[in-house]
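**Q** For reference, the chains in residue letters:
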Amino acid sequence: MPARWQEVVNKIDDYRWEIPKSYKAGMLVPGLIFANESMLNHIWQEQVFQQVANVAFLPGIVDHSLAMPDIHWGYGFPIGGVAATRVKDGVISPGGVGFDINCGVRLLRTNLTEKEVRPKIEQLVAELYVNVPSGLGSEGKIRVSEKELNEVLIKGSRWALEKGFGEAEDIVATEESGCLKGANPDKISSKAKKRGIPQLGTLGSGNHFLEVEVVDEIYDQGVAKAMGISDVGQVLILIHTGSRGFGHQVCSDYVGLLGEAVKRYGISLPDRQLACAPVNSAEGQDYLQAMACAANYAWTNRQCITHWVRESLIKVLGKSRRELGLEQIYDVCHNIAKIEEYTIDGKKQKLCVHRKGATRAFPAGHPDVPDIYRDVGQPVLIPGDMGRCSYIAVGTETAMKESFGSTCHGAGRMQSRTAARRSLRGADVVRALTARGITVKAGSMGSLAEEASEAYKDVTEVVEVTHKAGISRKVARAIPMGVIKG
Amino acid sequence: MEKEFEIVDHTADVVIKAYGANMNQAFANAAKALFSLITELDNVDEVVYRDTELIAPDQESLLVQWLNELIYLFDTENIIFKRFDISQLNNTRLKARSYGEKVDSARHKLKTGVKAATYHMLKVDKTNGCQVQVLFDI
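If you read the sequences in order, they're chains A and B. Letter 384 of the first sequence, counting from 1, is numbered 417 in the numbering used here, and no numbers are missing. Letter 28 of the second sequence, counting from 1, is numbered 174 in the numbering used here, and no numbers are missing.
Simulated from the structure, these hints should not be mistaken for lab results. Predicted model, so just to flag it, every value in this text is computed and none were measured. Don't take each hint at face value.
Claimed, not checked - Computed from the model, here is a short list of chain A residues facing chain B with C-beta under 8 Å:
#: 1; residue: N74
#: 2; residue: W77
#: 3; residue: F132
#: 4; residue: L169
#: 5; residue: G173
#: 6; residue: P218
#: 7; residue: K227
#: 8; residue: R228
#: 9; residue: G239
#: 10; residue: Q282
#: 11; residue: S285
#: 12; residue: T451
#: 13; residue: S477
To be verified - Using 25 Å as the maximum straight-line C-alpha spacing, the simulated BS3-like pairs for lysine-lysine come out as follows:
#: 14; chain 1: B; residue 1: K255; chain 2: A; residue 2: K174
#: 15; chain 1: B; residue 1: K228; chain 2: A; residue 2: K224
#: 16; chain 1: B; residue 1: K257; chain 2: A; residue 2: K224
#: 17; chain 1: A; residue 1: K348; chain 2: A; residue 2: K148
#: 18; chain 1: B; residue 1: K178; chain 2: B; residue 2: K163
#: 19; chain 1: B; residue 1: K269; chain 2: B; residue 2: K248
#: 20; chain 1: A; residue 1: K227; chain 2: B; residue 2: K178
Ideal Cβ placement from N, Cα and C applies to all residues, glycine included.
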């Protein structure tokens, strides 16, 4: 084993570092890390090179096993990993999507300014906390039968709309219009359904959150305007959650099933969590149909929460929905596998793009970008930690050429949860946030310490790398004012 | 008393190592480690139990499935388990009775949500006593 990363990587430029195939016998393609030089020390210490290399073992992988700058040590795939496999002879890996299938971010804009909201922020955070179920073991306000759950799994956001949770414009501004095609509830275990029924319409715990934030910098006025962001001081609402226990069970079920498929298809892997099956096999198709169900569950979840966020603002601010604005800017998923088309070696090919902690970043003109953003590109939503800031960016042509239309998804953890708990107390984290004008409400003080700023990389550094490498372009930055943590 | 389990640092998730004089005990201690991540077990009483029977292709898979079964029971029934009686365990089969209590928010402070047990860094080792290692996605 080489002692230093300098002995392993080939520097391509200041933001691109290649791990050659010679790094580990069995790699089918090289690895490529988007990072700056100072990030590489941490990445190296964390065994991320190994994980990027392990992903390069997946049959049918094309081009590179990719790592975004927020990369950190995961299980099987690194978090911040992107891998594209050929549909015709490549594999799909549930581990390349993760347990929280379609974990994602939704951003709403308002017509409100910081001045109007600041005096009411405590009241607003308290109202949101009551109105949006959150925390470990919380149950949703929605009661669905198994039959209704099946409809959720097939229809996604549209189901929520039909029940009065949201507006048609929300769906237009959602990746895949809030419904991944091919969802088949027959491919879902009764266990997943049992976990999913009570948790629909819940934020959850861990790194999931709801944030009231303020635009504090605009980098690209034109694109910001297309997203309805007009001024510094404008208030936005950010929602970060996924498919809850439903998605976790789907992933557990299929990692087990595909672990057996690996033996049947004679696939050799360096890590069992990379369990996979040919995309075109019965097992691979079953997973894709089940994964689509979980993706649709997550979109329904975020759609219902959006409705309660609107209700909360209407109540606390005493204004109508129209006066408040409260339109959806966009909704992205950052744990997903998608069948997309790319030009590889001059030929158009269908690929299965795994994004594990990575955001789709399609450019202006791409047919999958909704009309409202066709001229500027797909909005990319990059939450930071709760004390710093989050970014709004936009997809680029460079992402299409180099990163399978993908960019980073957040700050990326730096410190372990146990280390964060050891060094910080929840109460101190609250005090520090309050001192910076951030009102926070959390279900557990311990989980608050785990999610403190100190535990994360600086999202600004991460976004700088993606911006300078060109795989997404900065549009605006927002700083938190109120945070609800599960 | 011999050490039952320990929590090992990992950036995004949690790795546990559990020990036992035999594999039954190591599996039981891995389960105890899991619930110790979720809450303080001292305040949990043994008032309900659930029986589990599992078949898996190998002992490593059996460990992952056993822990995921307990996560499923916690998620759907809100039961915190604290004692595990594993009556049968070989390479492919596990039979256990787990004792614990339904979450009472007045007495039980929930700490960390555990999404799943994974196969990454998974170890079942009999060379030096019995030792298992699991990474949980948090």
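**Q** So, for every hint listed, does it hold in this structure?
**A** Results of checking the hints against the structure:
| no. | hint | result |
| --- | --- | --- |
| 1 | N74 | violated (14 Å) |
| 2 | W77 | violated (13 Å) |
| 3 | F132 | holds (4 Å) |
| 4 | L169 | holds (4 Å) |
| 5 | G173 | violated (13 Å) |
| 6 | P218 | violated (18 Å) |
| 7 | K227 | holds (5 Å) |
| 8 | R228 | holds (5 Å) |
| 9 | G239 | holds (5 Å) |
| 10 | Q282 | holds (7 Å) |
| 11 | S285 | holds (5 Å) |
| 12 | T451 | holds (6 Å) |
| 13 | S477 | holds (6 Å) |
| 14 | B/K255 <-> A/K174 | holds (22 Å) |
| 15 | B/K228 <-> A/K224 | holds (22 Å) |
| 16 | B/K257 <-> A/K224 | holds (24 Å) |
| 17 | A/K348 <-> A/K148 | holds (18 Å) |
| 18 | B/K178 <-> B/K163 | holds (11 Å) |
| 19 | B/K269 <-> B/K248 | violated (31 Å) |
| 20 | A/K227 <-> B/K178 | holds (24 Å) |
Hint violations for this structure: numbers 1, 2, 5, 6, 19, all remaining hints satisfied.
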